[in-house]
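> Which chain is which? The protein sequence lines are A and B, in order.
Be aware that the first sequence starts at 1, since it is given in the working numbering, and climbs by one per residue.
Be aware that the second sequence starts at 1, since it is given in the working numbering, and climbs by one per residue.
Think of the hints as simulated: they come from the structure by calculation, not from any bench.
Cβ atoms here follow ideal geometry from the backbone N, Cα and C, with glycine treated the same way.
Incorrect hints may appear among the rest.
[To be verified] Derived DMTMM-like pairs (lysine to aspartate or glutamate); straight-line CA-CA distance at most 20 Å:
1. B/K254 with A/D35
2. B/K265 with B/E241
3. B/K36 with B/E14
4. A/K42 with B/E249
5. A/K90 with B/E241
[As the list claims (entries may be wrong)] Reference listing, derived: stretches of chain A covered by chain B, where coverage requires no fewer than 3 residues with Cβ under 8 Å from a Cβ of chain B:
6. 42-55
7. 83-97
8. 100-111
9. 165-174
[Unchecked claim] The calculated label-pair distances, taken between Cβ atoms and stated as ranges, are:
10. A/R77 with B/K248: 42 to 50 Å
11. A/L74 with B/S125: 39 to 47 Å
12. A/A83 with B/K248: 45 to 53 Å
13. B/K121 with A/R31: 47 to 55 Å
14. B/P134 with A/K75: 19 to 27 Å
15. B/K121 with A/E71: 24 to 32 Å
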Amino acid sequence: MGVTKRAHELLEEKRNALVMELYAVLRQMTRLRKDAYESLSKAFRDLVDAEVRLSSSDLRSVSLAVRPCPEIDLKTRRVMGIAVPIISVKDPRRPLSARGYSVVGTSPVVDQVAGSFEDALGRIAEWAESEAAVRRLVVEVEKTKRREMALDKIVIPRLIDTIKYIEFYLEEREREDIFRLKRIRARAEKRGYALTP
Amino acid sequence: MLKAGQIQEFVGSESFKDFVEILSRTGYGEYLRGAKSYSDVERAVNQKFVETCQSVSETFLRGKREPLDAYLRKQDIKNLKTVVRGVYNHLTPSETLQMIVPVGKLDVALLRKAAEVEDPKLLPSTFRGTEFEPLLEKLDLEHSEKGFLAFDSALDGLLFATLETGFKGIPALERYLAAWKDLTNIQTTIRAKTEGLTAEELVGLFLSGGSFTSGTRIKRMIEAEGVDEVLNAIALTPYSEAIREAVKECAESKSLTPLDVAINKLLLEKAKEMGVEPVGMGVVLSYIIALEYEIAAIKSIAKGKEEGLGAEQLAARIVAW
Chain A
1 MGVTKRAHEL LEEKRNALVM ELYAVLRQMT RLRKDAYESL SKAFRDLVDA
51 EVRLSSSDLR SVSLAVRPCP EIDLKTRRVM GIAVPIISVK DPRRPLSARG
101 YSVVGTSPVV DQVAGSFEDA LGRIAEWAES EAAVRRLVVE VEKTKRREMA
151 LDKIVIPRLI DTIKYIEFYL EEREREDIFR LKRIRARAEK RGYALTP
Chain B
1 MLKAGQIQEF VGSESFKDFV EILSRTGYGE YLRGAKSYSD VERAVNQKFV
51 ETCQSVSETF LRGKREPLDA YLRKQDIKNL KTVVRGVYNH LTPSETLQMI
101 VPVGKLDVAL LRKAAEVEDP KLLPSTFRGT EFEPLLEKLD LEHSEKGFLA
151 FDSALDGLLF ATLETGFKGI PALERYLAAW KDLTNIQTTI RAKTEGLTAE
201 ELVGLFLSGG SFTSGTRIKR MIEAEGVDEV LNAIALTPYS EAIREAVKEC
251 AESKSLTPLD VAINKLLLEK AKEMGVEPVG MGVVLSYIIA LEYEIAAIKS
301 IAKGKEEGLG AEQLAARIVA W
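Here chain A stands alone, though its shape is the one from the complex (with noise of 0.2 Å):
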């Protein structure tokens, strides 16, 4: 009993700081979240723009010579012994010579588009990875919650009742033994035995 009671003070321990460790990461990716909503809505602003100047079909051309994004590396860290990955994009920003489409050939505000386009891959992966940490670590609360509830609520008290069920089972047997013990004492007084106390 007292080691689940500890188990139980240290699964509601673990809770407590998965919860505290939870609303950080909320608050970052709401912070993330709203850092990639806003670089994606410039983003699209800044391709209307350029749909704008150009015209749709030339940037489509244009975006066609785009090489395809910058690497994905997917990786993971432990965050109270929960397994959260970290994804990070290498060098989002490329420079102009490294997009694929000539300079000369081009407008300045397919750069602009561009370079808003891969700030936003930036700011997207950043908020991937906060999300997906906030995604482990509600998982991990729950389960942490539905075993501190298993505990509180079916294995302690299944525990208690055992143990009074014993401690009646006990008691009822010694009584039986006093009850015995008296009667096999009367008797021998009966047939003039004396017994020893």
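Chain A is already provided as a structure; the job is to place chain B on it using the hints.
Coordinates of chain B only, in the frame set by chain A:
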């Protein structure tokens, strides 16, 4: 050609539908039947441009259209770039062909054949016998870290070489080409400095020729530490004031659109100067360029109206005759 008032009317139109209705009352009307979206308008005005270029090229110039052919090579190169990119990106032929404007010497059938190619390695043989074949042979995206950059730059170089040959001996056209090169170099330098390109990288992008004959000015532009130094390097040139103003606007609006608009306005001014001489190729080319800008303005307005941009925002993004 449309009048300035008509462009103003387009800009001030209530909605996209309203704009199409007003545009339908002009010479573009016959191409616009049933136009409901931006892409319908784009297709219609492109068709008008193709037909006008064909009629100008065939009817008026007969055997003396070398400068015009050289100018229209610009569209050939644009189409070639689009087709090659489409093939490398596995676009369907119809998706690719939607983006091309068939003006110039490259036959539509050849462009269609190229767009239908499934393996990019077959592209050089599709353009066998043209000046594009050796450039396509060299195009190797698998081993290139800069994608289409080298290929596109080679094509840009080819365009300016063609223009130089085509415009040779006609002073008005030579002046226009020089201004075009100057403004392209200024724009490239500002873009390079904004994006942090090194002087070595910038040298490779610089177009030779132009009216900047002073080696010191070019050196200062290339080696400039930032955009302000580029502006100082181009001081006392005819473009200085407009570019300086545009750069200031760019910084205020955090957008490069004002620079793009200013460069194009300056280029259009130069095209106007080309048309001052009453006879000769200058007038024809200046008409074609004016039409190009007019069509670009119509596309801008159509897109702007579709996206719900206000009249003021649209006016700041338009360059028209």
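> Please go over all the hints and tell whether each is borne out by the structure.
Hint check results:
1. Only pairs whose Cα atoms come within 20 Å are accepted, and B/K254 paired with A/D35 is accepted, the gap being roughly 17 Å.
2. With a C-alpha separation of about 13 Å, the suggested pair B/K265 and B/E241 falls inside the 20 Å cut-off, and the hint holds.
3. Taking the CA atoms of B/K36 and B/E14, the gap is near 15 Å; set against the 20 Å cutoff, the hint holds.
4. At most 20 Å may separate the alpha-carbon atoms for a hinted pair to count; A/K42 and B/E249 meet this at roughly 18 Å.
5. A C-alpha spacing of about 40 Å is found between A/K90 and B/E241, which places the hinted pair above 20 Å, so the restraint is violated.
6. Against chain B, the segment 42-55 of chain A contributes 7 residues with a C-beta closer than 8 Å to a partner C-beta. That satisfies the three-residue criterion, and the hint holds.
7. Taking a C-beta to C-beta cut-off of 8 Å, the segment 83-97 of chain A contributes 3 residues in contact with chain B, enough for the three needed, and the coverage statement holds.
8. Under the rule that three or more residues need a Cβ within less than 8 Å of chain B, the assignment of the segment 100-111 of chain A holds, with 10 such residues.
9. Given a C-beta distance limit of less than 8 Å, the hint that chain B covers the segment 165-174 of chain A is violated, as 0 residues qualify and 3 are needed.
10. In this structure, A/R77 and B/K248 meet the distance hint of 42 to 50 Å, their C-beta atoms being roughly 46 Å apart.
11. The supplied range of 39 to 47 Å is met by A/L74 and B/S125, whose beta-carbon atoms lie about 41 Å from each other.
12. Against the hinted window of 45 to 53 Å, the Cβ-Cβ separation of A/A83 and B/K248 comes to about 51 Å, which satisfies the hint.
13. Distance hint check for B/K121 and A/R31: the Cβ-Cβ separation is about 49 Å, which falls inside the suggested range of 47 to 55 Å.
14. As the Cβ distance of B/P134 to A/K75 is approximately 45 Å, the hint placing it in 19 to 27 Å is violated.
15. In this structure the hint that B/K121 and A/E71 lie 24 to 32 Å apart at CB holds, the actual value being about 26 Å.
Comparing the model with each numbered hint stated earlier shows that hints 5, 9, 14 do not hold.
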